[in-house]
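Q: Top to bottom, those sequences are chains A and B. Going by the working numbering, the residue at position 227 of the first sequence is 227; the numbering climbs one at a time, nothing skipped. Going by the working numbering, the residue at position 304 of the second sequence is 304; the numbering climbs one at a time, nothing skipped.
Wrong hints could be hidden among the right ones.
[As the list claims (entries may be wrong)] Below, a sample of chain A positions facing chain B; criterion: calculated Cβ distance under 7 Å: (1) 84; (2) 90; (3) 95; (4) 280.
Think of the hints as simulated: they come from the structure by calculation, not from any bench. Just so it is clear, CB atoms sit at the ideal spot from N, CA and C, and this is done for glycine as well.
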Amino acid sequence: MVETTELKVKIGLEVHCQLTNLKSKLFCSCSSDYRQSPPNTHVCPVCMGTPGSLPVLNRKAVEDAILIALALNMQISNKTIFYRKNYFYPDMPKNFQISQYDRAGGIPIAKNGSKKLDGEKIVHISRLQIEEDPGKISYEGTIETSKSAFVDYNRAGIALVEIVTDPDINSPKEARIFLQKIRSIMEHLGVSSGELEGSMRCDANISIQGGTRVEVKNISSFKEVERALNFEITRQKSLLRTGHRIGQETRHWDEARRVTISLRVKEEEEDYRYFPEADLVPLTISEEEIERQKNSMPELPEGHMQRLMTQYDISRQNAMTLIDNKALAEFFEESADNYSHPDLLGNWIVGDLLSYLYEMDIELKDAKLMPRDLVKMLELIDDGTISGKIGKELLKEMLITGKSPDEIINQKEMRRISDREYLNQLTEEIFSSHPQAVKDAIKDPKAVRFLVGQLMKKTSGKADPQLANSIVNEKLKTSKT
Amino acid sequence: MSRILELSASELVSKIRTQEITAEEYVNKCYERIKEVEDRIHAFITLTENIALEKAQEIDSRIRKNEKVGSLSGVAVAIKDNICINDVRTTCASKMLENFISPYNATVIERLKSQDAILIGKTNMDEFAMGTSTEHSQFGPTHNPLDLDRVPGGSSGGSAASVAALETTISLGSDTGGSVRCPASFCGIVGMKPTYGLISRYGLIAYANSLEQISPIARNVADLVLLTECIAGQDNKDSTSIDSGTQNLKNCLVDDVSGVKIGVPEELFGIGTDEVVSKAVWEAISKLEGLGATFSKIKLESLEYALASYYIIAMSEASSNLARYDGLRYGLRLDDENYDWSTAYSRNRDVGFGAEVKRRIMLGTFALSAGYYNEYYLKAQRVRTLIKQELSKAFKDFDLIIGPTMPILPFRLGEKLLDPLEMYMCDVDTVIANLAGIPAISVPCSSSQGLPIGVQMMAPALREDVLIKVAFSLEQHLKPDLELKV
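In isolation and in its complexed conformation, chain A is listed as follows (with noise of 0.2 Å):
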């Protein structure tokens, strides 16, 4: 019996980013724009790796990837050369993929770099390299029980670039972290939009102490990364809790039954038998364009973050949580600008609005939520027309319905009733039907409460509550006399 509570995790990230910024693929002229076309229709002879074709370099991937390299921290070679990575798999149309290699005279476009995570920990950065996108395989059911797959090439040849980091991560939560800020850094750099589906894959090396490393393969987005690792390391241990080792192998996971499945195991490991692309010359990048590209450097996370402390004066911890999604801050900054207390539209929007979106499961962008109609609900709950709690029902509602907070209040009849005659009114019929509840009140100045909270159930909610408190509390007067 091995004690598993207290082994330690390892764990190596390897991370795809689309380069969603550019127009056209990384070897031919195809635009990238491929997600809503039917399939293998976004294709042409060179993607398609038919027969006499040949791939020209996408000069402005290789600008985005200096941006990358900078903005990790890492050294850029200044001569690099494609390798082809040979394997037989039906989403590679060429059956071999041209990417970069770090090994046997090959040179990625950037080595040794490194991201600070949330206090002091710091993840290595390997390499950064850049290569194609191969196509996308579908199937009936599961991987396991299909009886055929469907590859669409639309995908192929996509710019991709991949971060490389050593096994610094200790859990799956720091592995989601690291991938919230790589997804942040890349769109401030304006390179790629995590937003876009399939945008942002990884796959994970995760050894646990005593343990060899496992490969798992297709995690799509940093949500699932910590679901998958968490399946990996659950099963790991267990596996070793009752006296297996874990032997080197690579596992898909399922996202659809949240299970790792085995590949292949290490006697079966691919050999890419990678070599130089010929097709394509070494790729040079001069000192004068490296520091063209520092030049036009945009903002970065952190000096986003330190901005919005100051411009707005909201709390590290709401800009951090901002800054982890560009278009969440950007949205903050739109509404901040035309609202006076941006601290509490900061609370509003790290609290409520993310954790409804993380409930809906959707992103900003999908959320018909416009900045000025977050403004008008705070400045509706601001000037008294309704209370902090039918406001945050008033943002679920703008949220799935993008109507504006005045169009919800008026169909919904939301607005704070301070009628006080139609309160005393119902305050009448509340003693008439609870007696008892007067007399214990007339008594027992905190079972007023009761009457209070019948009084917001009858008006469901809507009641101005110090209103109805003040109204009840006459009457009970009124009553013991």
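Following the hints, position chain B against chain A.
A: Only chain B this time, still in chain A's reference frame:
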């Protein structure tokens, strides 16, 4: 046989432009000739008669209207069947691509069309350009027009035989390790592998992409120049293509070799070189000396390893280049119901590829494998670098290097088919230029018992002008006694 067919390309262009003959009349004569000899030569896999006649009529009509026509107006060009023509079958002489219709034009095809050349048909070759005899075609071998029992050389055997047999005026082949110079030599005509990058490879179905070049074949040096100038030059679709610089090859068609310095490496006359070949090449060298050139015997020790280096690199690249033929998108697709994809791939590749192709894919896969990569692929690349260095050193003292194109005379069909190594040995003198990326030309210099002997000349990168000048002189002074057998 019509006299028209014997005309040179430049004569044809001028006769068609002046309406002395029509392009249509000439193209019809080509097809008559093809129909007359093809059962004995088998130079073509696919004839593109409709495309050719339509183009010929269009050219004639434009000439009648006094419109401008291109530099190759009306000239028939046969195209090796590994160069893609839009909407035309491109087979690489393989069952794998038996039904592959290219969806696009190779850059060279675009350029030929823009100069009003006529695409006459797709020529036979060793499967995927892997061979030295054109016997490895899945559509049957091509025969040498000078001796029907003998091979035309390869792998561009169909392109060379069709030009020699007067089925077309000029042709394009591809040269990975001698695949144009060898058949040019064996068929008694001219073939040149240009500097790597001079001609766009876009649309050339790859065998070994760091070595090969689309290469012109003609019956005389002037025609070769006409064809080269039409297709050469930088192409945005091929990152490895280069600007041809300031060379003007037409200006090199003068009979003057005075002052040309020639190096003759003894390694090019090594074991296995037929004495008649050595003798013929030395006679050519003497002839050049008589015309004012100087020569010295030299030693280039790295050449001893050229053949091994070439085959390792070529096979390694081939194993990757040919991976895409799995039946899913390209290649023969057998019934794959009830097979997983991996088994289906194996079945398709087993049936679709011929024995020589499979041999090279397997050897290449081995050479790139973990644990063997350093021993084979990397070592071969180091040898390649050494050869390049030694040659560029030699080119400091010499304008060109001369030796035999082929160490032996054209051999009989079947003679070497069962011994792959012996077949590979035939490439010993030609692979050097591919490894070094330099231009090389083969020109007929003599004959023995009716069989042609070619002399090979190599020059530094982008010095095709030197090759053309010396080849042109040799052509003026050496007229080998050759006779068509069809």
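Q: Next step is simple, just say for each hint if it's right about the structure.
A: Tested hints:
Because the closest C-beta pair between residue 84(A) and chain B is about 5 Å apart, less than 7 Å, the hint holds. This hint holds: residue 90(A) has a C-beta 5 Å from the nearest C-beta of chain B, less than the 7 Å allowed. With 7 Å as the threshold, the beta carbon of residue 95(A) comes within range of chain B, its nearest partner Cβ sitting at about 4 Å, so the hint holds. Checking residue 280(A) against chain B: minimum C-beta separation of about 5 Å stays under 7 Å; hint holds.
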